[in-house]
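Asks: Sequence:
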Amino acid sequence: MLIYWSILVIIFGILVYVLRSGHKKKAGRPSSHKKKHHSSSHEHEFGKWTPIDFRAPSPPVYPDWSIETTKPLPYRPFKYGPDYFITMGLRRLDLDDWIELDNQWARFHEEKKARLATERASRLCKTTPEAHDAALETMELLSEYL
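Residues 1 to 146, numbered by UniProt numbering, are exactly what the sequence shown covers, in order.
Wrong hints could be hidden among the right ones.
[Claimed, not checked] With a Cα cut of at most 25 Å, we get these calculated PhoX-like pairs of lysine-lysine:
id: 1; residue 1: K112; residue 2: K71
id: 2; residue 1: K113; residue 2: K71
id: 3; residue 1: K113; residue 2: K126
No lab work stands behind these hints, which were simulated from the structure alone.
Make a model of the complete structure from these sequences and hints.
Replies: Below, the structure written as structure tokens:
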């Protein structure tokens with residue numbers, strides 16, 4: 001009887017070993033064929049950027065919104081508790097919620113204007129020549145939004 005149990009345990013062990021080893025991927029050289037890249041609406045050459053026409057949609061009107069009375073929206077970037085692990089979260093920007101103005105805006109704006117009126121103004125905000133076009137584009141997009 002002991003021999004039968006031993007043979008059964010050995011057969012079961014071999015069966016488990018064969019089944020588990022069949023599911024492992026073999027590490028080898030990566031395949032030489034190139035993966036297809038998901039393209040947007042048009043194909044473009046790597047490293048070349050072709051500008052496209054973009055107009056930001058007009059944001060909807062917020063009901064009961066006022067620059068004097070609207071309180072800042074609560075911003076809670078972290079969940080409460082000691083065991084919260086910060087992970088990268090990337091998602092598409094909802095253009096309706098891009099800029100949020102509240103009753104604190106005037107105070108911050110006056111403070112920034114005062115800083116720009118000092119002798120240190122030239123060192124407060126700088127744009128590299130490479131980013132100048134992008135900065136102008138962002139400023140234009142912001143002015144259209146507001």
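Asks: Next pair to validate is K112 with K71; report whether the Cα-Cα distance is within 25 Å.
Replies: Satisfied, since the Cα-Cα distance of roughly 20 Å is no more than 25 Å.
Asks: Hinted pair, alpha-carbon criterion (25 Å max): K113, K126. Please report holds or violated.
Replies: 16 Å, holds
Asks: Within 25 Å, alpha carbon to alpha carbon, are K113 and K71?
Replies: 22 Å, holds
Checked against the numbered hints given earlier, this structure breaks none of them.
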